[in-house]
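**Q** Protein chains in written order, with numbering that gives the first Met the number 0: chain W, 0 to 94; chain Z, 0 to 131.
By construction, these hints were calculated from the structure, which means they are not laboratory data. In this text, all values refer to a predicted model and were calculated from it rather than measured experimentally. Possibly wrong hints are sitting among the right ones.
Said to hold, decoys possible - If the Cβ cut is set under 10 Å, some of the chain W residues that face chain Z in the computed set are: (1) 63; (2) 64; (3) 68; (4) 75; (5) 77; (6) 78; (7) 79.
Unchecked claim - Listed next, the stretches of chain Z that the computed footprint assigns to chain W, with coverage defined by at least 3 CB atoms under 8 Å from CB atoms of chain W: (8) 14-22; (9) 28-39; (10) 59-73; (11) 100-112.
Glycine included, C-beta positions come from ideal geometry on N, C-alpha and C.
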Amino acid sequence: MTHRELELPDTGVVRIAVDPGRLPRSTGAPGPNRFDDPRPNTLSPFIVRYTATTARGCFLELLGWLRPDADARTAEAAVVDEIRLPFLRRMMTTT
Amino acid sequence: MEVQVSVSDEVVLEQAQKLSVQVSSEEQARYVVDAVGSRLAAAALGLRDTRTVNSWAHGGPIKGPLHEHRLQALFRVTYAVKERYGPAVAAAFLRGSNPALGNRAPMTVLANESPAAAEQATIAAVETLFAS
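Bound-form chain W, shown alone (with noise of 0.2 Å):
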């Protein structure tokens, strides 16, 4: 099935990009979590652009990779910060 079959709802779809009617740029390589062309030399290349029937199904792509990772936060919250450490020191001397 190519673009020119492909049936879009009736009441539109919703991209948010910088440029939303301008093509992805190709890799040559499937992008991760993507349906990209994975033949890098073909001569009849293929770009997907990905679209949604609503702006949160947008946003919730768009902005996946801000959601917080768990095993990230646990690492920079065992950091030890030297502004902290004068007051933790006082903290143990006086208890």
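For chain W, the structure is supplied; the task is to place chain Z on it using the hints.
**A** Same frame as chain W, now just chain Z:
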């Protein structure tokens, strides 16, 4: 009249790469600490406390080539995202569960992988972010 020039993604990525090899480790450490804070910078560098990275930012010696390379990789990633989207997004990017990295956070990859592999993977994640 003020003219706003939009710097393209390619230029930012190229600048980040060039500066990561041209700028001194001291300046790189200072840049990442100023951009994302010493705690996040230390965690991304696999350090246990902020004292070490703060010392590097003030010209203290970096023991071992791995630490130096890891700092270079962190600088490159932080610089690219900060210049494109600002410091808050750079910090969120480093902490975020990233689909391009198997849902690991860039800071976790930088801290735990070999610096060469981590640099390659995290820069690829930055490119994916810019392309989206």
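**Q** Let me make sure I understand: some of the numbered hints might not hold for this structure. Which ones are they, in numerical order?
**A** 8, 10
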